[in-house]
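*Asks:* Sequential numbering from 48 applies to the sequence shown in our numbering.
Derived by calculation from the structure, the hints in this document are not laboratory data. Accuracy of the hints is not assured; some may be wrong.
To be verified - Computed cross-link-like contacts, SDA-like style, restricted to lysine to any residue with a CA-CA straight-line distance of at most 20 angstroms:
#1 Lys57 <-> Gly73
#2 Lys244 <-> Leu230
#3 Lys57 <-> Val242
#4 Lys57 <-> Glu138
#5 Lys176 <-> Trp261
#6 Lys57 <-> Leu252
#7 Lys172 <-> Leu263
#8 Lys57 <-> Ser218
#9 Lys172 <-> Pro268
#10 Lys176 <-> Thr213
#11 Lys176 <-> Leu252
#12 Lys57 <-> Arg246
#13 Lys244 <-> Glu98
#14 Lys191 <-> Thr177
#15 Lys57 <-> Val240
#16 Lys172 <-> Val256
#17 Lys257 <-> Phe179
#18 Lys257 <-> Leu50
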Amino acid sequence: FRLHRYRFQKLLAALPPAPARVLEIGTTPGQFTEILRRAGYDVAGVDLFPEQRAELWERLGVEVRFCNIDQEPLPYADGSFDAVVFSEVIEHLVASPLPALREMARVLRPGGRLVITTPNQHYIKSRLKTLFDVVLGRPFESFKEFERAMQLDGPQRYYNHSRLYTLQELSWLVAHSGLEVALARHADAWEQVGVEKGRVLRHPLRVGVKAGLWLLTTAFPRWRSMLLVVGTKG
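Produce the entire structure from the sequences given, and follow the hints as far as they go.
*Replies:* The structure is reproduced here in structure tokens:
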């Protein structure tokens, strides 16, 4: 929760007010699902592994169905939801996201919102890591990570990132799904994590580096860690 709380705040701010009916795509591990329920939303969800959190879904009163949006339509009728949350999922899709996004547009009611977040391809921290890997002759991923990724099968393949997007690319995808792009911006979801006052004395160097990163991405928003795009259905 500590790692993702700024993303959760931005998602909530982009949603219509409760008690709107919300479809969350990719519910596991369930933290934001519970936040939505506590905020008063009527929530349904789809996930590749709904059985892994079955007790949580039952406690929250949320029906979570299996659906692989890369391969099949959403199991809901047209115009079923006021909002769809598609957060930190699009980067995992193997196929073009357009068919899945059009499905999300289909299940939205007129005036409904699709709220998407995903890591920014231009995030300065990731770019610097890649630069250091090139200069130092290191692989872009460890051999241990390579072994893990190569042995994934079936739906487990979606544990990997397929590709990252720029803000222009993500906005294009939303516009070509049949929705109007109402909001498109770079958001600082990760930069503030670890800059708490209580950590200054315990980890001064770490807090200083993170604070510098936060200031840098404040000056250059294009280098921030997350993309936030909201599409609305006319």
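*Asks:* Quick check: which numbered hints come out false for this structure?
*Replies:* 2, 6, 12 and 13
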